[in-house]
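Participant: Residue strings, one per chain:
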Amino acid sequence: MKLSKLILGFIFLLLFYSGNAQQETNKNHSCLKCHAHRTYKYMNEDFGMEIKESMCSNRMIDTLAYQQSNHGMFKCTDCHSPEYETFPHAGNLRMELMYACNDCHAGDPEYAKFHFEKIEEAFYESMHYNRAPDAFTCWSCHNPHTYKTQARIGDKISETVKYDNNICLSCHADVNKFELLTERENINILKSHKWLPNQELHFKKVRCIECHTQLSDSLLVSHVVMSKDSAIRECTSCHSENSHLMASLYRYKSLESRKGSGFLNAVIINESYVIGANRNKYLNILSVVIFGLVLIGIFTHTIFRIFKSK
Amino acid sequence: MANEKLYLYPLWIRIWHWLNATIFIVLLLTGISMQYSNPENPLLISFESSVQLHNICGIALSINYLLFVFGNLFTSNGKQYKMKTKGLFKRLYDQSVFYLFGMFKKQDPPFPISLENKFNPLQRFIYSTAMYIGFPIIIASGMAMLFPEIIIPQIFGVSGLLVTALLHVVIGFVLSLFLFIHIYVCTIGNSIISNFKSMITGWH
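Here the protein sequences line up with chains A and B, keeping their order.
Under my numbering, the residue at position 250 of the first sequence is numbered 250, and the numbers go up by one with no gaps.
Plus 1000 on top of the position in the second sequence (first one is 1) and you've got my numbering.
Incorrect hints may appear among the rest.
[What the hints assert, rightly or not] With beta-carbon atoms standing in for the labels, derived distance ranges:
| hint | chain 1 | residue 1 | chain 2 | residue 2 | range |
| --- | --- | --- | --- | --- | --- |
| 1 | B | Leu1179 | A | Leu196 | 29 to 37 Å |
| 2 | B | Arg1014 | A | Ile303 | 28 to 36 Å |
| 3 | B | Thr1201 | A | Leu196 | 45 to 53 Å |
| 4 | A | Ala231 | B | Leu1088 | 29 to 37 Å |
| 5 | A | Phe304 | B | Leu1179 | 53 to 61 Å |
| 6 | A | Thr302 | B | Arg1014 | 46 to 54 Å |
Hints listed in this document are in silico derivations from the structure and should not be mistaken for laboratory results.
Each residue gets a CB set at the ideal place from its N, CA and C atoms; glycine is no exception.
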């Protein structure tokens, strides 16, 4: 009897929670039934006809990416005007100003570890902001509907590199988006990086921001994006004992784990290898000892030859 | 016998040898400059130049290696690198004892140089190992790093690039030891420079 009660209670709980989850996913249903699709339908009351229209691509929401994003728990109208709930949407709604990160995140102790205020200061120093102060916002790089903190959660550095580089490439490899923010034409990052040896490997293994931002002591990801003339072009910035990568791409990982195994900058070799930055201290010592022994051998042999030839 | 002049090194071998030596030294210097790169060390070649020079010389060394392989395949020189395993250890031991003790007692070399045996057993063993084991590994690993996209990303959970690079560096180090010992042993001849002259004129 007791057991059956327990089972019943369990089923009830299950139903209750799944119902709640359903409610959660449905909270944006009225918006997403149109904005999650390439096409949408509405009833034209005047003519009594159902009309099918195509959805403007930059008004479309990837629902899965949204659900998984850092902002996935919000209702659309938490950030957008509640007036959007009526259709057709009023024309003046297009003029609404979007929130920036610090409208919500500033001064909140829960987000203190992300240093939003410092990010904002750095952003104001960046060439992106200074070239287009009116057009460039947080959202130019961080899509609020899909954004996920990457460096902190990504298990694999290669995933972080891909995610972060795609942010840059969304404009720097797409003329349409690039033109929104600048009068410049001609974007060809393959050509401008022609000097870089093993270009493909570099693009896959490191982020654009490794060379194109000013390193920051306090921020995990520096937001001072520099002009191309100030970008790092010195190989040894990364390919050396004091590799710059340890303060940028591998910073979070290196703070998390300090695996030794005798390698300098060991955290890099979990996934990659950087000539000049990854040296093994045991192999180094061994090579010096062997080389020293060979030299001593040669020296002793020479002494004997001189001594015995007399 | 000792006074008899032998024509040991035909022109193609001498060309191959000196090309190989020059390219190898450039590879060694640029390799060290990359492995221990440090912008503040004035003795090292700049990283950017090292990468370019190392790539160019790596390809040149590989092409030159083909000359060595084909030369040995189609001339009698190839026989100089073959050895019988029977009694090998004894021959290596005898030659080592000569270098360490015998030569100081003015003993005659246990394996005198002839047209059929231009290398003593120790040279034969070390040259064959360097040229037919060391060189193929360093060339293959070097080519892999020249085209890193062909490298397997992970080998037993370790970066494939790291394994390839370590192999390349370790073999490079061993071959550089060979270079030092080779140069030193070459000073052991009728005079200090006689063996170097032989590799220029061809006559021993």
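Participant: Can the suggested window of 45 to 53 Å be confirmed for the beta-carbon pair Thr1201 of chain B and Leu196 of chain A?
Facilitator: For Leu196 of chain A against Thr1201 of chain B, whose Cβ atoms are near 47 Å apart, the range 45 to 53 Å holds.
Participant: For Ala231 of chain A and Leu1088 of chain B, compare the CB-CB distance with the range 29 to 37 Å and indicate the outcome.
Facilitator: violated, 58 Å
Participant: Could you say whether the range 46 to 54 Å given as a hint is met by the Cβ separation of Thr302 of chain A and Arg1014 of chain B?
Facilitator: For Arg1014 of chain B against Thr302 of chain A, whose Cβ atoms are near 27 Å apart, the range 46 to 54 Å is violated.
Participant: Honestly, do Leu1179 of chain B and Leu196 of chain A meet the 29 to 37 Å range at C-beta?
Facilitator: The hint (29 to 37 Å, Cβ to Cβ) holds, given that Leu1179 of chain B and Leu196 of chain A are roughly 32 Å apart.
Participant: Could you see if the CB distance from Phe304 of chain A to Leu1179 of chain B stays within 53 to 61 Å?
Facilitator: For Phe304 of chain A and Leu1179 of chain B the Cβ distance comes to about 22 Å; the hint is violated.
Participant: Does the Cβ-Cβ separation between Arg1014 of chain B and Ile303 of chain A fall within 28 to 36 Å?
Facilitator: Given range 28 to 36 Å: holds, Cβ gap about 32 Å.
Checked against the numbered hints above, the structure breaks hints 4, 5, 6 and satisfies the rest.
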